[in-house]
Amino acid sequence: MSMKSAPRLTLYLLLAPAILWLGLLIVLPHVEILILSFSERVAPRVYAFGFGNYLEFFTEPLYWRTFARTAIMSILVTALTLVLAFPIALYIARVARGRAKAMLLLLCLLPFWVSELVRTLGWMMLLRETGVISYVLRAVGLADQPVELLYNDGAVILGLVYGGLLFMIVPLANALESLEQAVVEAGFDLGGSRWTVLRRIVIPHAMPGIVAGSIIVFMLTVGNFATPVLLGGKNGLWFTEQIYAQFITRFNWPQGAAFGMLLLLLSSAIVWAGLRLTGQSLGTTLKQA
Amino acid sequence: MAHSTDLDLVNIVKRFGSHAAVNDVSFSVAPGEFFSILGPSGCGKTTLMRMIAGFEHPTSGDIRIRGRSMIGVPANKRPVNMVFQSLALFPMMSVGENVAYGLICRGVSRAEAAERASRMLERVGLKGFGERRVTALSGGQRQRVAIARCLVLEPTLVLLDEPLGALDLKLREHMKIELKQLQATFNTTFAYITHDQSEALVMSDRIAVMNQGRFEQVGSPRELYHDPATPFVASFVGEANKWRGEATSAAGGSIAVRLPTGAVIQGQGTVADKETLAFVRPEAIALAQDSSALSGLPNRFEGRVSAVLFDGANSSLLIDADGFEQPIRAVLPQAGPLAGIRVGAPVHVGWTANAMKVFAA
Numbered sequence: 001m002s003m004k005s006a007p008r009l010t011l012y013l014l015l016a017p018a019i020l021w022l023g024l025l026i027v028l029p030h031v032e033i034l035i036l037s038f039s040e041r042v043a044p045r046v047y048a049f050g051f052g053n054y055l056e057f058f059t060e061p062l063y064w065r066t067f068a069r070t071a072i073m074s075i076l077v078t079a080l081t082l083v084l085a086f087p088i089a090l091y092i093a094r095v096a097r098g099r100a101k102a103m104l105l106l107l108c109l110l111p112f113w114v115s116e117l118v119r120t121l122g123w124m125m126l127l128r129e130t131g132v133i134s135y136v137l138r139a140v141g142l143a144d145q146p147v148e149l150l151y152n153d154g155a156v157i158l159g160l161v162y163g164g165l166l167f168m169i170v171p172l173a174n175a176l177e178s179l180e181q182a183v184v185e186a187g188f189d190l191g192g193s194r195w196t197v198l199r200r201i202v203i204p205h206a207m208p209g210i211v212a213g214s215i216i217v218f219m220l221t222v223g224n225f226a227t228p229v230l231l232g233g234k235n236g237l238w239f240t241e242q243i244y245a246q247f248i249t250r251f252n253w254p255q256g257a258a259f260g261m262l263l264l265l266l267s268s269a270i271v272w273a274g275l276r277l278t279g280q281s282l283g284t285t286l287k288q289a
Numbered sequence: 001m002a003h004s005t006d007l008d009l010v011n012i013v014k015r016f017g018s019h020a021a022v023n024d025v026s027f028s029v030a031p032g033e034f035f036s037i038l039g040p041s042g043c044g045k046t047t048l049m050r051m052i053a054g055f056e057h058p059t060s061g062d063i064r065i066r067g068r069s070m071i072g073v074p075a076n077k078r079p080v081n082m083v084f085q086s087l088a089l090f091p092m093m094s095v096g097e098n099v100a101y102g103l104i105c106r107g108v109s110r111a112e113a114a115e116r117a118s119r120m121l122e123r124v125g126l127k128g129f130g131e132r133r134v135t136a137l138s139g140g141q142r143q144r145v146a147i148a149r150c151l152v153l154e155p156t157l158v159l160l161d162e163p164l165g166a167l168d169l170k171l172r173e174h175m176k177i178e179l180k181q182l183q184a185t186f187n188t189t190f191a192y193i194t195h196d197q198s199e200a201l202v203m204s205d206r207i208a209v210m211n212q213g214r215f216e217q218v219g220s221p222r223e224l225y226h227d228p229a230t231p232f233v234a235s236f237v238g239e240a241n242k243w244r245g246e247a248t249s250a251a252g253g254s255i256a257v258r259l260p261t262g263a264v265i266q267g268q269g270t271v272a273d274k275e276t277l278a279f280v281r282p283e284a285i286a287l288a289q290d291s292s293a294l295s296g297l298p299n300r301f302e303g304r305v306s307a308v309l310f311d312g313a314n315s316s317l318l319i320d321a322d323g324f325e326q327p328i329r330a331v332l333p334q335a336g337p338l339a340g341i342r343v344g345a346p347v348h349v350g351w352t353a354n355a356m357k358v359f360a361a
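Line by line, the protein sequences are chains A and B. Numbering-wise (my numbering), the first sequence opens with residue 1 and increments by one. Numbering-wise (my numbering), the second sequence opens with residue 1 and increments by one.
Hints listed in this document are in silico derivations from the structure and should not be mistaken for laboratory results. Glycine residues also receive a C-beta, built at the ideal position from the N, C-alpha and C atoms. Treat each hint with caution, since some may be false.
Stated by the list, open to error - Just the calculated beta-carbon pair ranges, DEER-fashion:
(1) A:84 x B:106: 50 to 58 Å
(2) A:68 x B:106: 41 to 49 Å
(3) B:196 x A:195: 50 to 58 Å
Claimed, not checked - Which residues of chain B face chain A? A few of them, derived with a C-beta cut under 8 Å, are:
(4) 75
(5) 76
(6) 82
(7) 84
(8) 324
Said to hold, decoys possible - Just a few of them, taken from the derived set where beta-carbon distance is under 10 Å, the chain B residues facing chain A:
(9) 50
(10) 54
(11) 85
(12) 86
(13) 88
(14) 89
(15) 103
(16) 106
(17) 126
(18) 130
Kindly produce the complete structure, drawing on both the sequences and the hints.
If you want it as structure tokens, here you go:
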């Protein structure tokens with residue numbers, strides 16, 4: 001073996017796990033799903049190429065309405081998460097010092113030591129008709145009969161925002177931390193109000209973090225399954241449920257594959273639109289995340 | 001109504017816990033004056049500046065701008081603007097937006113703000129730079145943007161917090177002159193803080209020397225240099241030979257100091273204590289090849305050159321003289337019979353009693 005090819009071989013060996021992982025678990029299944037999505041069942045166990053699965057999506061209102069609802073609610077959840085996370089991240093990055101900062105980040109991280117399913121079940125215990133909140137409301141006399149807080153859009157949004165918060169706080173806090181204190185002071189010194197400094201200096205500086213956090217939260221939300229199912233019940237109507245139903249309940253894999261591709265297209269399109277709208281590039285955003 | 005001073009600090013004290021960062025400081029700055037606060041790092045000058053800007057609040061005392069007390073007035077409502085040490089330009093804005101920022105904060109329309117910003121950029125020599133990113137500017141240009149951003153607001157007072165610190169030597173020398181010229185053209189009052197005595201001496205009308213939270217002396221650059229009021233000022237401002245000794249006789253302002261080796265030197269000062277410190281500037285030391293040339297001087301010693309420190313116009317000689325534990329520093333003559341003097345050469349040194357300032361240690 002020549003001296004030159006040895007480092008090259010090392011490089012390939014080091015890259016091998018990543019390439020295998022990408023190839024076998026991401027690229028290959030997606031190619032398979034893409035092919036699957038274009039096959040129509042013409043007779044039992046007989047499949048032919050066709051766009052029927054995609055046509056089905058557009059002709060059946062339940063499907064595309066669920067799809068649109070998932071997109072709109074995910075955007076709403078992302079926006080709510082951003083609004084809630086911004087002051088928290090601002091506090092962690094610019095006010096808290098030393099141990100307090102580490103403690104606060106740990107507090108944000110702590111719920112993630114428990115599985116998502118258990119956390120969601122926790123919300124169910126709080127929100128259900130016989131749950132803690134309902135009980136407290138009755139005990140203080142604000143309600144005269146059990147209150148059902150589960151199985152509505154509010155509960156779904158609450159659960160999704162809760163699940164996304166950490167993934168918004170971390171990139172935001174990172175972005176805000178790199179803002180030089182003197183730049184903020186200069187903003188005040190030249191006559192800026194708190195609002196002006198926030199709008200013209202802090203937010204533009206945090207933009208890569210905002211976009212990075214939003215992309216992560218949006219992706220997690222759109223693709224979430226447990227939270228809408230458990231907290232929304234029959235009213236959850238999340239698009240992932242449709243995919244699940246096609247694959248598992250109806251055993252119509254081609255239809256499920258088509259839905260999967262549509263969901264991938266949707267999230268890609270919205271991420272692209274978000275990047276264009278904020279004038280950020282994927283590169284700077286990924287650095288922030 | 002015009003006020004006779006732009007800035008007055010009255011008995012300002014700032015404590016952090018039990019430590020007094022600024023301890024009972026009072027001074028006034030006249031309109032159009034270039035006033036510097038000179039001191040070593042940690043002397044409290046930055047705290048003082050931040051109190052004037054409104055980022056820190058004095059524990060006691062009053063800050064008045066054109067006679068109006070600034071206590072309780074937030075930073076964004078004070079007629080004071082600051083050039084930060086790091087400059088703190090807004091990287092998310094263009095050069096023009098940086099300069100227009102303050103005007104827009106005041107409610108000036110965008111079009112007018114842009115117009116005034118571009119006129120201001122022209123005055124500081126950055127015509128046509130409005131559209132550029134601040135990251136695309138050189139150190140000197142960034143400096144000018146930082147100053148333009150303040151001056152466009154026509155503040156009563158501009159505060160400058162060691163803005164030349166980050167520049168390289170050549171540019172720093174150049175910016176010193178440029179800052180002074182800008183200040184003269186705009187006729188704005190500048191308060192400048194620095195630990196670099198040369199910056200303060202070159203640019204200022206008056207300098208306050210600050211040490212451990214207090215002002216040691218306030219005066220013109222010449223006064224500080226030639227007539228230091230305290231041993232700290234004598235050693236901090238400019239170069240000086242410093243000797244510790246005992247006062248032996250004092251009469252009518254002149255004083256004799258006996259060094260630990262027994263040598264006696266004559267100087268000026270009124271000292272009650274026995275322990276004294278004596279200071280002589282290197283340029284006040286006269287050099288000669290034979291002692292007769294120095295016969296009129298009360299302090300005359302014989303020695304040998306121990307080192308030649310060549311540094312262009314700042315070159316100096318170190319001379320080991322009889323009776324002195326440390327070498328005496330003198331300016332290297334660049335012309336005349338001693339111009340080519342080398343290490344080991346015998347030389348006579350002397351100085352007048354006026355040139356030596358004696359303080360209680």
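The hints, checked one at a time:
Between residue 84 (chain A) and residue 106 (chain B) the CB atoms are about 33 Å apart, so this pair departs from the stated range of 50 to 58 Å. Checked against the hint of 41 to 49 Å, the C-beta distance between residue 68 (chain A) and residue 106 (chain B) comes to roughly 46 Å, which is consistent with it. Under the hint 50 to 58 Å, the C-beta atoms of residue 196 (chain B) and residue 195 (chain A), about 38 Å apart, miss the expected range. For residue 75 (chain B), the interface hint holds, since its Cβ comes within 8 Å of a Cβ in chain A; the closest pair sits about 5 Å apart.
The criterion of a C-beta within 8 Å of any C-beta in chain A is met by residue 76 (chain B), whose closest approach is roughly 5 Å, and the hint holds. Because the closest C-beta pair between residue 82 (chain B) and chain A is about 5 Å apart, less than 8 Å, the hint holds. Hint on residue 84 (chain B) holds. Least Cβ distance to chain A is approximately 5 Å, under the 8 Å limit. Evaluation of the residue 324 (chain B) hint against chain A yields a violated restraint, the C-beta minimum of about 47 Å exceeding 8 Å.
Hint status for residue 50 (chain B) relative to chain A: holds, with the closest Cβ pair at about 9 Å, below 10 Å. At a threshold of 10 Å, the smallest CB-CB gap from residue 54 (chain B) to chain A is about 8 Å, leaving the interface hint in force. For residue 85 (chain B), the suggested interface contact is upheld, since its CB lies about 7 Å from the closest CB of chain A, less than 10 Å. Of the supplied interface hints, the one on residue 86 (chain B) holds, with its beta-carbon coming within about 5 Å of a beta-carbon of chain A, less than 10 Å.
Here the hint on residue 88 (chain B) is kept, as its CB sits about 4 Å from the closest CB of chain A, short of 10 Å. Checking residue 89 (chain B) against chain A by beta carbon gives a least distance of about 8 Å; that is within 10 Å, so the hint holds. Checking residue 103 (chain B) against chain A by beta carbon gives a least distance of about 9 Å; that is within 10 Å, so the hint holds. Because the beta carbon of residue 106 (chain B) sits about 6 Å from the nearest beta carbon in chain A, less than 10 Å, this interface hint is met.
Proximity of residue 126 (chain B) to chain A is violated relative to the hint, the smallest CB-CB distance being about 18 Å (cut-off 10 Å). Hint status for residue 130 (chain B) relative to chain A: violated, with the closest Cβ pair at about 17 Å, above 10 Å.
Consistency with the previously given hints fails for numbers 1, 3, 8, 17 and 18, ordered from lowest to highest.
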